[in-house]
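J.: Below, each chain spelled out in residue letters.
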Amino acid sequence: MIKPYDILKAIKERKPLIHHITNWVTIYDCANITRAFGALPVMAHAREEAAEMAGIASALVLNIGTLTPELIDSMIVAGKKANQKKIPIILDAVGAGATKLRTKSTSKLMSRLRIDVVKGNAGEIASIAGSEAEVRGVESMGVKGDITEIAKELALKKKTVVVVTGKVDVITDGKRIFKVLNGDARMGSVVGTGCMSASIIASFCSVEKDHAKAAAAALCCFGIAGELAAKKSEGPGTFKEKFYDEASKLDEKGIETLKKIQ
Amino acid sequence: MIKPYDILKAIKERKPLIHHITNWVTIYDCANITRAFGALPVMAHAREEAAEMAGIASALVLNIGTLTPELIDSMIVAGKKANQKKIPIILDAVGAGATKLRTKSTSKLMSRLRIDVVKGNAGEIASIAGSEAEVRGVESMGVKGDITEIAKELALKKKTVVVVTGKVDVITDGKRIFKVLNGDARMGSVVGTGCMSASIIASFCSVEKDHAKAAAAALCCFGIAGELAAKKSEGPGTFKEKFYDEASKLDEKGIETLKKIQ
Amino acid sequence: MIKPYDILKAIKERKPLIHHITNWVTIYDCANITRAFGALPVMAHAREEAAEMAGIASALVLNIGTLTPELIDSMIVAGKKANQKKIPIILDAVGAGATKLRTKSTSKLMSRLRIDVVKGNAGEIASIAGSEAEVRGVESMGVKGDITEIAKELALKKKTVVVVTGKVDVITDGKRIFKVLNGDARMGSVVGTGCMSASIIASFCSVEKDHAKAAAAALCCFGIAGELAAKKSEGPGTFKEKFYDEASKLDEKGIETLKKIQ
Chain A
108 MIKPYDILKA
118 IKERKPLIHH
128 ITNWVTIYDC
138 ANITRAFGAL
148 PVMAHAREEA
158 AEMAGIASAL
168 VLNIGTLTPE
178 LIDSMIVAGK
188 KANQKKIPII
198 LDAVGAGATK
208 LRTKSTSKLM
218 SRLRIDVVKG
228 NAGEIASIAG
238 SEAEVRGVES
248 MGVKGDITEI
258 AKELALKKKT
268 VVVVTGKVDV
278 ITDGKRIFKV
288 LNGDARMGSV
298 VGTGCMSASI
308 IASFCSVEKD
318 HAKAAAAALC
328 CFGIAGELAA
338 KKSEGPGTFK
348 EKFYDEASKL
358 DEKGIETLKK
368 IQ
Chain B
108 MIKPYDILKA
118 IKERKPLIHH
128 ITNWVTIYDC
138 ANITRAFGAL
148 PVMAHAREEA
158 AEMAGIASAL
168 VLNIGTLTPE
178 LIDSMIVAGK
188 KANQKKIPII
198 LDAVGAGATK
208 LRTKSTSKLM
218 SRLRIDVVKG
228 NAGEIASIAG
238 SEAEVRGVES
248 MGVKGDITEI
258 AKELALKKKT
268 VVVVTGKVDV
278 ITDGKRIFKV
288 LNGDARMGSV
298 VGTGCMSASI
308 IASFCSVEKD
318 HAKAAAAALC
328 CFGIAGELAA
338 KKSEGPGTFK
348 EKFYDEASKL
358 DEKGIETLKK
368 IQ
Chain C
108 MIKPYDILKA
118 IKERKPLIHH
128 ITNWVTIYDC
138 ANITRAFGAL
148 PVMAHAREEA
158 AEMAGIASAL
168 VLNIGTLTPE
178 LIDSMIVAGK
188 KANQKKIPII
198 LDAVGAGATK
208 LRTKSTSKLM
218 SRLRIDVVKG
228 NAGEIASIAG
238 SEAEVRGVES
248 MGVKGDITEI
258 AKELALKKKT
268 VVVVTGKVDV
278 ITDGKRIFKV
288 LNGDARMGSV
298 VGTGCMSASI
308 IASFCSVEKD
318 HAKAAAAALC
328 CFGIAGELAA
338 KKSEGPGTFK
348 EKFYDEASKL
358 DEKGIETLKK
368 IQ
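Chains as they are written, first to last, in my numbering: chain A, 108 to 369; chain B, 108 to 369; chain C, 108 to 369.
Please keep in mind that the hints were generated in silico from the structure rather than gathered at the bench. Here the structure is a predicted model, which means the values were calculated and not measured. Backbone N, C-alpha and C define an ideal beta-carbon position, used for all residues, glycine too. Be a bit skeptical, because a hint or two may be false.
Straight-line Cα separation of at most 25 Å, DMTMM-like style, residue types lysine to aspartate or glutamate; simulated pairs [claimed, not checked]:
id, chain 1, residue 1, chain 2, residue 2
1, B, Lys366, B, Glu120
2, A, Lys211, B, Glu155
3, A, Lys119, A, Glu334
4, C, Lys356, B, Glu120
5, A, Lys286, A, Asp358
6, A, Lys122, C, Glu239
7, B, Lys116, A, Asp291
8, B, Lys356, A, Glu246
9, C, Lys110, C, Glu359
10, A, Lys339, B, Glu341
11, A, Lys259, A, Asp317
12, B, Lys207, C, Glu177
13, C, Lys274, C, Glu177
14, B, Lys119, B, Asp358
15, B, Lys266, B, Asp291
16, B, Lys356, A, Asp291
17, C, Lys282, C, Glu177
18, C, Lys215, A, Glu159
19, C, Lys122, B, Glu341
20, A, Lys187, A, Glu239
21, C, Lys122, B, Glu239
22, B, Lys122, A, Glu239
23, A, Lys122, C, Asp358
24, A, Lys259, A, Glu241
According to the in silico footprint, chain B covers these stretches of chain C (three or more CB under 8 Å from chain B) [unchecked claim]:
id, region
25, 157-164
26, 273-286
27, 340-352
One chain only, chain A, in its complex shape (with noise of 0.2 Å):
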């Protein structure tokens, strides 16, 4: 059984480091709500220091939301050192799928790094597994088989955890799947959830070995934390605070009754 709360306390007494290189759209939200969190950001991108950064954190995130060629450069140099260092990586495949140079950024990494967790809608994971799918920009608009497969199959090929977040999150090492119901339809209706939520993941794989399971943890206190924050909030402007607040106050009674992890 997965305990969330019990890493969500860790993170709080550790304080862990966590790297991003990452987007320039949604890169203070990720910062702010890995502090929401209880843990430590660090945003770092120039080739010149990203491994010397990478190499004194607890988790890096990669996110390619917005990549160029040298961005993707130091994603490697960074990775490399995590990679020495034991250190997990989480990739965050940004619109995989929508543009050759995403997908092959994505391919790249993958190919060059041990990647701890890689987490995308359908559309973006189905695109990483070279399954048919539609990546319109940054959204998911289908995809064709059943995404828990494709997931799996991801999973044991790369060895590595598959995380497609969606109304139902499902997390896979290829051996165990998980499914996280939390969460709230207003948390789409917010631009740099999706991202947020790698940063929550990395949080939780900074502290916990287990990174399936750390993953389904994450979400599913990410999930919760936006269920509450979606019954105080009347639209998307209101529920963006609320979700800070709610996320920062989350305690093990509250995670315990509200979890739904399959």
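Here the structure of chain A is known, so what remains is to put chains B and C in place on it, guided by the hints.
T.: Relative to the frame of chain A, chains B and C by itself:
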């Protein structure tokens, strides 16, 4: 007569992809307001994917707020593809007139691409038209001459729709002139509303071919969201959040009751 | 005696342009808080316009939060113009001590430019001074020695004003020492307050030539806004919005009642 809600409804139904090559200050807000109005935002500035992303989009926003020569190159590459595929381009000439780089880059974009709508404050538009104006940073400090006349001549000369934002927004294709009186002073108290309005103009132009009408309808809806939010806020911080709430809740009755387009 | 409101009033009257070359995480917040205090923010990092923009500004903020070597070059170009025109420069040494690139770049900026105010947390300032300190990402984890003495010596050696932010902010020009006790723990619960305070110090220095006094007054006002916002908020999300509201409403009575400068 302009029926803004009909266009807004088409956006919510068709979910057009709005591609942005924009600045790093308000990039999140541009994405988030696009989503709040029902369209899908995407931000992709790498030269290697800018054209491909523009090619699958329904409108392209070019915003020079934190321009570099490399970014202008990406804009031209993306813009050419957009022109080829008849996807409308909205140019937000942030800070034109403040530095040589901004003035020259605006001129370069307007000569190399067919720009469907060019938007700026009075100082920026006057600078583009070659009239005397003072632009301090990204603020208009004053213009010599009648800005409506300047806009009209610029529209005729460049065969484009010109949008001058201000207390009263002026929209002209050189023949017709629309004035939008919606909005609230609070909108000027936060950074980002100018850039966000270009994203909304782009969203409206993506589903309505009469771009002057589309721009007027967009600014009307945008201004109404501002008016409603101002009533519920106590300062720039709470205003911003309420603005997203109100933008996402705009309905036909509210728009028809409050719209002020001349 | 320092009268923060007199300086704040001058900002609101003169609307100084505050040019930033800063990081991509908090760039929006820096712009927005500058506006909330009544000054005009501008962000322009391209080498091709950085000097021209600095030349028309009333203060220049250099923030190395997501530095690259190219960005440091732009900072030097802009800084030289600022020095030439006697425009005050505020350096926010984000993460100095955490990586070689940050430590070296800070040192480069301080040797090539006349920096009027250098700001950091205890770990960053101690690193700059060559004292022993631990900086994890952008957080100060501990300093060996008395940070007030370290700051004082650094100020004398570099002929600059040194600002150490923390529970108590220390401001010194090497001769005088001001301590600001305003602020609230909630300010540390959100990303961005550190960077934002540099924008406000810059705004105050743009209209008050005694930069030590200006910095103390700025941090006093900034801290008071934080105290007022904390009382009205329920977590980091709502705090952030209320902070903007309160910052924009600061008045003489409120400041004089709450100010704690020693």
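J.: Confirm or reject each hint.
T.: Hint check:
1. Lys366(B) / Glu120(B): Roughly 22 Å between the alpha carbons, so the hint for Lys366(B) and Glu120(B) holds.
2. Lys211(A) / Glu155(B): 11 Å, holds
3. Lys119(A) / Glu334(A): 22 Å, holds
4. Lys356(C) / Glu120(B): 41 Å, violated
5. Lys286(A) / Asp358(A): 21 Å, holds
6. Lys122(A) / Glu239(C): 21 Å, holds
7. Lys116(B) / Asp291(A): Roughly 24 Å between the alpha carbons, so the hint for Lys116(B) and Asp291(A) holds.
8. Lys356(B) / Glu246(A): 22 Å, holds
9. Lys110(C) / Glu359(C): 9 Å, holds
10. Lys339(A) / Glu341(B): OK: Lys339(A) and Glu341(B) at ~19 Å, within 25 Å.
11. Lys259(A) / Asp317(A): Answer holds: Lys259(A) to Asp317(A) is near 16 Å, not above 25 Å.
12. Lys207(B) / Glu177(C): Roughly 20 Å between the alpha carbons, so the hint for Lys207(B) and Glu177(C) holds.
13. Lys274(C) / Glu177(C): 34 Å, violated
14. Lys119(B) / Asp358(B): Cα-Cα ~11 Å, so holds.
15. Lys266(B) / Asp291(B): 31 Å, violated
16. Lys356(B) / Asp291(A): Between Lys356(B) and Asp291(A) the Cα gap is close to 18 Å, so the pair holds against 25 Å.
17. Lys282(C) / Glu177(C): Distance ~36 Å between Lys282(C) and Glu177(C) Cα, so the pair is violated.
18. Lys215(C) / Glu159(A): Judged against 25 Å, a Cα distance of about 19 Å means the pair holds.
19. Lys122(C) / Glu341(B): It holds: about 22 Å lies between the C-alpha atoms, which stays within 25 Å.
20. Lys187(A) / Glu239(A): 31 Å, violated
21. Lys122(C) / Glu239(B): Judged against 25 Å, a Cα distance of about 21 Å means the pair holds.
22. Lys122(B) / Glu239(A): 22 Å, holds
23. Lys122(A) / Asp358(C): Roughly 38 Å separates the two Cα atoms, so the pair is violated.
24. Lys259(A) / Glu241(A): 20 Å, holds
25. 157-164: holds (count 4)
26. 273-286: Contact hint for the region 273-286 of chain C vs chain B: violated, 0 residues under 8 Å.
27. 340-352: holds (count 6)
In summary, the structure is inconsistent with hints 4, 13, 15, 17, 20, 23 and 26 from the numbered list given earlier, while agreeing with the others.
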